[in-house]
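**Q** This is what each chain is made of:
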Amino acid sequence: MALERWFRRNRPTRKEDDNAPAGLWLKCEACSAQIYRKDLVANAYVCPECGHHYRMPVEARIELLADAGSFEPWSGGIQAEDPLGFVDTQPYPERLEKNRQKHGRPDAIVTGGATLDGEAIGLVVMDFQFLGGSMGSVVGEEIARAAERSAQEGRALVAVTASGGARMQEGALSLMQMAKTTVALELLAERGLPFVSVLTDPTTGGVTASFATLGDVIYAEPGALISFAGPRVIQQTIKQDLPEGFQRSEFLLEKGMLDDVVSRKALKERLAVTIRLLRAGSVAREREKGVGRAAAL
Amino acid sequence: MPLPFEKPIEDLEIKIEEMRAYAGEQGIDLSDEITLLEQRLERLRRDTFDNLTRWQRVQVARAAGRPTAMDYLQGAFDGFTELHGDRTLGDDPAIVAGLARLGERSVVVIGQQKGRDTKENIHRNFGMAHPSGYRKAMRMFDLADKFGLPVITPIDTPGAYPGIAAEEQGQAWVIAESIRRMSRLQVPAISVVIGEGGSGGALAVGVANRVLILENAIYSVISPESCAAILWRDAAEAEKAAEALKLTAYDLLELGVVDRVIDEPVGGAHKDREETIRRVREAMLAEVASLMPLDRQALEAQRRERFRALGRFRDAA
Chain A
1 MALERWFRRN
11 RPTRKEDDNA
21 PAGLWLKCEA
31 CSAQIYRKDL
41 VANAYVCPEC
51 GHHYRMPVEA
61 RIELLADAGS
71 FEPWSGGIQA
81 EDPLGFVDTQ
91 PYPERLEKNR
101 QKHGRPDAIV
111 TGGATLDGEA
121 IGLVVMDFQF
131 LGGSMGSVVG
141 EEIARAAERS
151 AQEGRALVAV
161 TASGGARMQE
171 GALSLMQMAK
181 TTVALELLAE
191 RGLPFVSVLT
201 DPTTGGVTAS
211 FATLGDVIYA
221 EPGALISFAG
231 PRVIQQTIKQ
241 DLPEGFQRSE
251 FLLEKGMLDD
261 VVSRKALKER
271 LAVTIRLLRA
281 GSVAREREKG
291 VGRAAAL
Chain B
1 MPLPFEKPIE
11 DLEIKIEEMR
21 AYAGEQGIDL
31 SDEITLLEQR
41 LERLRRDTFD
51 NLTRWQRVQV
61 ARAAGRPTAM
71 DYLQGAFDGF
81 TELHGDRTLG
91 DDPAIVAGLA
101 RLGERSVVVI
111 GQQKGRDTKE
121 NIHRNFGMAH
131 PSGYRKAMRM
141 FDLADKFGLP
151 VITPIDTPGA
161 YPGIAAEEQG
171 QAWVIAESIR
181 RMSRLQVPAI
191 SVVIGEGGSG
201 GALAVGVANR
211 VLILENAIYS
221 VISPESCAAI
231 LWRDAAEAEK
241 AAEALKLTAY
251 DLLELGVVDR
261 VIDEPVGGAH
271 KDREETIRRV
281 REAMLAEVAS
291 LMPLDRQALE
301 AQRRERFRAL
311 GRFRDAA
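Order-wise, the sequence lines are chains A and B.
Just so you know, we're using our numbering here: the first sequence kicks off at 1 and counts up by one.
Just so you know, we're using our numbering here: the second sequence kicks off at 1 and counts up by one.
Everything labelled a hint here was simulated from the structure, so no lab data went into it.
Keep in mind that a hint or two might mislead.
Using C-beta positions, here's what the derived DEER-type ranges look like [to be verified]:
#: 1; chain 1: A; residue 1: Gly-23; chain 2: B; residue 2: Leu-143; range: 42 to 48 angstroms
#: 2; chain 1: A; residue 1: Glu-63; chain 2: B; residue 2: Leu-253; range: 44 to 50 angstroms
#: 3; chain 1: A; residue 1: Ala-266; chain 2: B; residue 2: Glu-282; range: 55 to 61 angstroms
#: 4; chain 1: B; residue 1: Asp-78; chain 2: A; residue 2: Arg-191; range: 39 to 45 angstroms
#: 5; chain 1: B; residue 1: Pro-2; chain 2: A; residue 2: Asp-241; range: 37 to 43 angstroms
#: 6; chain 1: B; residue 1: Gly-75; chain 2: A; residue 2: Arg-191; range: 41 to 47 angstroms
#: 7; chain 1: A; residue 1: Gln-152; chain 2: B; residue 2: Met-1; range: 55 to 61 angstroms
#: 8; chain 1: B; residue 1: Leu-253; chain 2: A; residue 2: Asp-39; range: 53 to 59 angstroms
Quick reminder that beta carbons are idealized off the backbone N, C-alpha and C, glycines included.
With the rest of the complex left out, here is chain A (with noise of 0.2 angstroms):
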């Protein structure tokens, strides 16, 4: 019974958990290239023909990054309750079953320990699949604590985001997981650890207006939608037609709000690196200060 249970929860990634079209074969909606599925997936959910980035699955991105063999995971010891007896079509504790059922896990998010490129991380990857990739409060709970260890076992914090923004059936603490997470950041702040954002498509409302942005260093994926509020928000606000690429990653590159657009092939090379030079102060600083205590002796 409990290995069947096991079996079920780690089943292999099932197709709807990324935003590709469906079948064997499928027409790239960015080019209308035909593409074989299994090329799409080998690639990293990448077209092929044009590089379009499509959602990726929880599992592939930490394949994606972790070097093989190497992720332990840290999250899935707590779950959601209902704090305000929340009802809209469905009760949320039954929302929230189907959701643990269809994706295996207690909530929209893994986190854990692992190698990038030999250097220790925290890694933390939201699932969008999971009712939006909504932060409630098991998600600000995981994040809060893959900081906190990661502070603790000096390990530099990976985030990659995607989210339509705080869990509206929880509430105002939702709301205050934004502050949570902000806070829970601070442990590495302290001791001079690197974290660093990758923000997928989608991140938006209160997942973007808290830790997501507060990245010492924030990458993008191509093409991602990144914001405060929707386009239809603020479409609806404003009455206008919205910019080309309005809220997409090159337009905010453009903007100043990113530091770089980084394709998913080139982002675990570009974390180690990145990862690498921020530390490399914090490890020349420890070096002298072993000289000197070395030659005080």
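With the hints as your guide, set chain B onto chain A.
**A** For chain B alone, kept in the frame of chain A given last:
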């Protein structure tokens, strides 16, 4: 314009006025009848306001005539000296900030300002700040730290402004930075939700040691209208959404999101502005005094722990 549920109260008030006028004109003594009616009025007011639905409280929180941040600045503080500008982009009128005295103490105040009439509302962008407003707030946090002045933030906004320029100038980025900057304050910080606490736009100046809220104010992750539009695909379901979101003062006290509820005079803050302002002043004075013994590190640590602890979850099955 009375709120819909205030109509019976207003009708009775008019009736009492008419009876008084009639008694005066006719030179007859109707004081017994008037006293009876006044007692009835008092009961009606109390019954109505003790039993407001969440949606009705949303309406009170937004009611015309409810004291705004500027009303508190003028009524609860002395010598308000407004300071303008973010030093980069401009000056955002949706946030008013500056120096003032609260009792014997000099403080920094950062308030979200809705208009008191249509003209001012347009000028203030209905209290919805742009990135510039939050940059101004962060400049004030720096000032407060440098001179060791307590920070008070009256909160009253539908939310941070969702517009093209706001997004281009990094609305999400400044809100995140403002949350972080405020959490790092080395001085006592007190937030008072005086009307609407609209999501991230409110939290950006709400990371205080003590978070107070007026009895009929609200604080929510999303407006009931937007929530209804998303979950029920119909903004008209806002009443249902308001119930579901548990966004009233006592709901938030129960969730630990706020620390203290300041009771409003019966009939709501808009019916007795002076008394409301007096009560808010008393509460702020007491809260500042209670935080003064804490040193810088203790203040920052308390604030961090307060927000770090928020949320409800249990061990996974």
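**Q** Could you run down the list of hints and mark each one as holding or not?
**A** We went through each hint and held it up to the structure:
{"no.": "1", "hint": "Gly-23(A) to Leu-143(B): 42 to 48 angstroms", "result": "violated (60 angstroms)"}
{"no.": "2", "hint": "Glu-63(A) to Leu-253(B): 44 to 50 angstroms", "result": "holds (46 angstroms)"}
{"no.": "3", "hint": "Ala-266(A) to Glu-282(B): 55 to 61 angstroms", "result": "holds (60 angstroms)"}
{"no.": "4", "hint": "Asp-78(B) to Arg-191(A): 39 to 45 angstroms", "result": "holds (44 angstroms)"}
{"no.": "5", "hint": "Pro-2(B) to Asp-241(A): 37 to 43 angstroms", "result": "holds (40 angstroms)"}
{"no.": "6", "hint": "Gly-75(B) to Arg-191(A): 41 to 47 angstroms", "result": "holds (46 angstroms)"}
{"no.": "7", "hint": "Gln-152(A) to Met-1(B): 55 to 61 angstroms", "result": "holds (58 angstroms)"}
{"no.": "8", "hint": "Leu-253(B) to Asp-39(A): 53 to 59 angstroms", "result": "holds (56 angstroms)"}
Violated hint: 1 only; the structure is consistent with all others.
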